[in-house]
Amino acid sequence: MVPVLGIDFERLSLQDALDLAVLIEEEARDRYVEFAEQLALHHTPEVADFFSRMARIEERHRTELLQRRRTLFGDVPSGIDRRMIFDVEAPGYEEARAFMGVRQALEMVLASEIKAHAFFDAALPRVKDPQLESLFRELREEEVHHQALVRAELARCPEKGDDAEAYADDPVAQ
Amino acid sequence: MLEDLVVGMAGSGGDGVVSAGESLLAAAASEGFHALMTKSFGSQIRGGESSCRVRLSTRPVLNPGGLLDVAVALNWEDFRRFGAELPLGSDTVLVHESKAGPPPEDLAPAGRLPRQVLAIPLSEMAKSAAGTDKARTSVVLGALSGWFGVPLAALERGLEKKFGKKGAELVEANRKALAAGQAHALAHPLAAPRSLARPGKSEPRLLSDGNEMCASGAIFAGCEFFGGYPITPSTEVMQLLSRELPAYGGVVLQAEDEISGVGSAVGASFAGKKAMTATSGPGMSLKTEILGLASIAELPLVVVNVQRGGPSTGIPTKPEQSDLFQAVFSAHGDVLRPVLAPTSVEDTFRLTVEAFNLAEQYQTPVVLLSDQEIAQRKETVNLPDLGQIAVLERLRPTTEQLQDGYQRFADTPSGVSPISHPGMKGGNYLAAGIEHDRRGAPTASGAVHAAMNVKRFRKLDPLQGRTDLFQQLGDRDAPLALVSWGSSAGVAREAFELARARRLPVKLLVPYLLYPVAEQVYRDFFASVRRGLVLELSHQGQLHRLLRMFLDLPRGVSSLARSGAQPFRADEVLERLQREAEA
Amino acid sequence: MNAALAPADFKSPLKPIWCPGCGDFGVLQALYRALSAVGRPPHEVAFVSGIGCSSRIPGYTTAYGFNSVHGRALPIAQGVKLANPHLLVIVAGGDGDGFSIGGGHVPHAIRRNVDLTYLVMDNQVYGLTKGQLSPTSPRGLRTVTSPLGSLEQPVNPLLTVLAYGAGFVAQATPADMPGMTALIEEAIRYPGFSFVNIQSPCVTFGEEEQQLRAHKTRMKTLGSLGHDPSNQLAALDLARAYGKELYTGVFYRNPDPPPTYDALVLQRQAELQRGEPRPRARVLERLVQR
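Chains as they are written, first to last, in the working numbering: chain A, 863 to 1036; chain B, 494 to 1076; chain C, -1 to 288.
The following block holds chain A by itself, in its conformation from the complex (with noise of 0.2 Å):
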């Protein structure tokens, strides 16, 4: 599935390059942030937790290339919008699962940043201008080394976590 809209990668800006991007990473942000309270409200608190810390990280991310762009091209209105986007970075809503368990978790973050790669990748060939082409470089080394981090972290992960399930209670009828 192409997860972008209406995006011509031949005839984007530097200024569209980096709103993109931004926008990526808001994507993921909120992605994350739903998926945080969404383990909240079905009693599943470490991952939650776990999920606004992947907020947050998201967060930085966004931050950050938000004040490049504001640096380069100051307050001049955005010509992309979160509905030319779907789920670059973000993972997909059926990831998620209630009881989840921090191996999970990771496993579902690692995918989106190899999802997020193969994004960029897929979209340099396309690219024509040096600075998009530099830019897009930059942003897939970066989900490399997000990657590398989250192998990190599920490296120290115990192999066989709890089986949540086995203890939950059954569903409840509304």
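Derived from the structure by calculation, the hints contain no laboratory data. Being a predicted model, the structure only gives us computed values, none of them experimental. Some hints here could point you the wrong way.
[As the list claims (entries may be wrong)] Some chain B residues close to chain C (C-beta under 8 Å, calculated; not the full set):
hint : residue
1    : Ser709
2    : Ala764
3    : Ala824
4    : Val828
[What the hints assert, rightly or not] Here are the simulated BS3-like cross-link-like pairs (lysine-lysine), alpha carbons at most 25 Å apart as the crow flies:
hint : chain 1 : residue 1 : chain 2 : residue 2
5    : B       : Lys669    : B       : Lys658
6    : C       : Lys214    : A       : Lys977
7    : C       : Lys13     : B       : Lys918
8    : B       : Lys627    : B       : Lys669
9    : B       : Lys532    : B       : Lys658
10   : B       : Lys918    : C       : Lys9
11   : B       : Lys669    : B       : Lys620
12   : B       : Lys655    : B       : Lys620
13   : A       : Lys977    : C       : Lys218
[To be verified] Label-pair restraints from in silico Cβ distances:
hint : chain 1 : residue 1 : chain 2 : residue 2 : range
14   : A       : Ala984    : B       : Ser938    : 48 to 54 Å
15   : C       : Glu283    : B       : Lys654    : 15 to 21 Å
16   : C       : Gln151    : B       : Gly541    : 28 to 34 Å
Heads up, the beta-carbon is just placed ideally off N, CA and C, and yes, glycines get one too.
Take the given structure of chain A and dock chains B and C to it, following the hints.
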């Protein structure tokens, strides 16, 4: 001089008995009489047994009357099927088609067989005057004119209305039949001749029925949406609104079923419009769930139930007052919804408006309990003074309230929260059947639920003081009470007058507001009472039981109730009152 | 694109109670986007639903919502639209709400053709009440009310709605977010009754094969099959594959949409009123006996 005349006619549907009754009614109305007509049928769509009663009077008519003054039988088989509707007495003048032969011996209970029985060769006379024996009923009308002085000209006008569309020939033929009937009556006077008194000069009146008054009241009240489904005896409300409401800017939807009918009305109310549905018992059963939804979502809605014989399919064409329990109690959960009941064609207009007012004021469904007799009987009605009838609107949020974090279900001193509707900026909210907090967010909290129940009940407290929704007549200190509602109240009023004429110490209470039970009003009424009757048409005597649920009724107040399709007569209620007075 | 209204403008503060992983989250996200693209402000949108997990959706938007009773969203929504034709009316519910208890209302909403959009979140199960059979459950499915396997053939929502004559019929899945978003937007824009069957899996009671991961591999767009959505017969033929294939896209779009019921009502009113509504105080004039 006769001040009051009750004529009953029976034949089969093809005879046009009911049409004849309508001509008589129209004639009487145009002459300034007070008049009332009821009809009764068999189950066939056409051609089954068919009957009507027309009561004309120089005084206001309160109910269809008791024993017939004149009974007209075109054949005995059909006539006999209407024992309850066409009760005979020894003073009844019984007119019949001579071809039908003499009346069967068991036509009336012993002691009530009419003393004067007149055989008229109706078929022959009709054939000879009009060329067809179908003009029999015109001959009958002519005879009535001859015997009782109903003006022929008025009857002729009635005929023109009925036959006018079918051509001048038909009108002329029936005019001849009328004349023949009159001539026959003049040539064969009654044993005890009586002539109808002339009514005094009268104001213009309406000739209408309860369903028409209901639809008209709804239009006047500002109804903008009707959703419903055909069901006897309420369908005319929808039909009339289908014709008229769009011209007033409203919408009528004949939905695919009862549930969709009331569902669409609830949607319209949610969208900010005054909305209504009309049905009978079986439809009320189907609508129960959505009524509950309207109650918890606090949406105004008028639900008209034109009661008929129950339970289940029951008797679609006859009146009964057995849906009171359903109107009051039929809901899962704790629900309080107002129930109003008209007692006549005339007050159906005003009470329909009142139903809309209560619905709007208190943001609740309101049940208007009419019944088949009121809904489908035609009577002369005084023109209501529309300037005196208030029309109320729902409380809407102010601009400030919409800017300030509007809460749809905010608690207020009255319990009524300002209600927004889609299109209103700042008023966005979630309406729901699920329990909710002040903002409308779903909740399972017992405390919030309790608070919401309190609010939904508390907002209706002012109804306890609505003495204007009760009619009380007679001395405050009278020890004998008569209580009645709906169509039975018309009989009660006449019985009350007759009882007073006999100097019985009786007082009358007719509630228009049946629920919530206005306890203090009843307590004040019953304070002086030692014996009494609650008159209603239901096997269980539902109002009597309802009152006993909420009040300490004096032990001597008993139920005078029976199943529907057997209307009460003022004379029998009078006899019971007499017995109570002597007890 | 209309930047005046962002998808976030349609997001309410209420947190969904859906199980993490529920397909409805994607539907909600698509709805925010579609509504912002259409550009009507939240206070002019009325969102009516029945009862079920998916019927909770109105509360998660900032539109005026009406989470009503099981199976009755369509009649209620039609009442809303007819009372105020200027509103944008959306109806949502599950397969049980729409095709079991609500089934009797479907043909009439379609033939009446009031302008609204009906989104059914079809997950072949009753989730809210803990996993019973639903009218779209495949034959043989074992559930808590069919422990030995369902004996019934499922209803085919696509075929049913097409056969009743709906002017816009589509199917979508959250597995294709851009596609689903576009379909919802198109359905909203279609002038008349429009229907989108959304294969939105239940993560708690649904089978593994039903989950979105499986959709990604199973789904085929109608476009890729060369389907012409103005061809109603071809649409019916493709709809027969419901349950076996997961076709997404527009099955049928009436190339010449008839006037909507609400437009016709307005026209009638205009004709009868001749300028403005009749004054209500005149209501009894016709009945006066002279």
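Going through the hints against the structure:
For Ser709 of chain B, the shortest C-beta to C-beta distance to chain C is roughly 5 Å, which falls under 8 Å, so the interface hint holds. Because the beta carbon of Ala764 of chain B sits about 4 Å from the nearest beta carbon in chain C, less than 8 Å, this interface hint is met. With 8 Å as the threshold, the beta carbon of Ala824 of chain B stays out of range of chain C, its nearest partner Cβ sitting at about 13 Å, so the hint is violated. Interface restraint check: Val828 of chain B against chain C, minimum CB-CB distance 14 Å, threshold 8 Å, status violated.
Between the alpha carbons of Lys669 of chain B and Lys658 of chain B the distance comes to roughly 18 Å, so the proposed pair stays at or under 25 Å and holds. Distance hint between Lys214 of chain C and Lys977 of chain A is fulfilled; the C-alpha atoms sit about 15 Å from each other, no more than 25 Å. Distance hint between Lys13 of chain C and Lys918 of chain B is fulfilled; the C-alpha atoms sit about 23 Å from each other, no more than 25 Å. Simply put, Lys627 of chain B and Lys669 of chain B have alpha-carbon atoms about 13 Å apart, close enough for the 25 Å limit, and the pair holds.
About 23 Å separates the Cα atoms of Lys532 of chain B and Lys658 of chain B, which keeps this hinted pair within 25 Å; it holds. Only pairs whose Cα atoms come within 25 Å are accepted, and Lys918 of chain B paired with Lys9 of chain C is accepted, the gap being roughly 16 Å. Annotation: proposed proximity of Lys669 of chain B to Lys620 of chain B holds, straight-line Cα distance about 10 Å (limit 25 Å). Pair hint Lys655 of chain B plus Lys620 of chain B holds up; C-alpha atoms about 19 Å apart against a cutoff of 25 Å.
Restraint check for Lys977 of chain A and Lys218 of chain C: the C-alpha separation of about 22 Å stays at or below 25 Å, so the hint holds. About 50 Å separates the C-beta atoms of Ala984 of chain A and Ser938 of chain B, a value consistent with the hinted range of 48 to 54 Å. Between Glu283 of chain C and Lys654 of chain B the CB atoms are about 18 Å apart, so this pair conforms to the stated range of 15 to 21 Å. Checked against the given bound of 28 to 34 Å, the beta carbons of Gln151 of chain C and Gly541 of chain B, roughly 45 Å apart, lie outside it.
In the structure shown, a violation is registered for the earlier hints numbered 3, 4 and 16, in ascending order.
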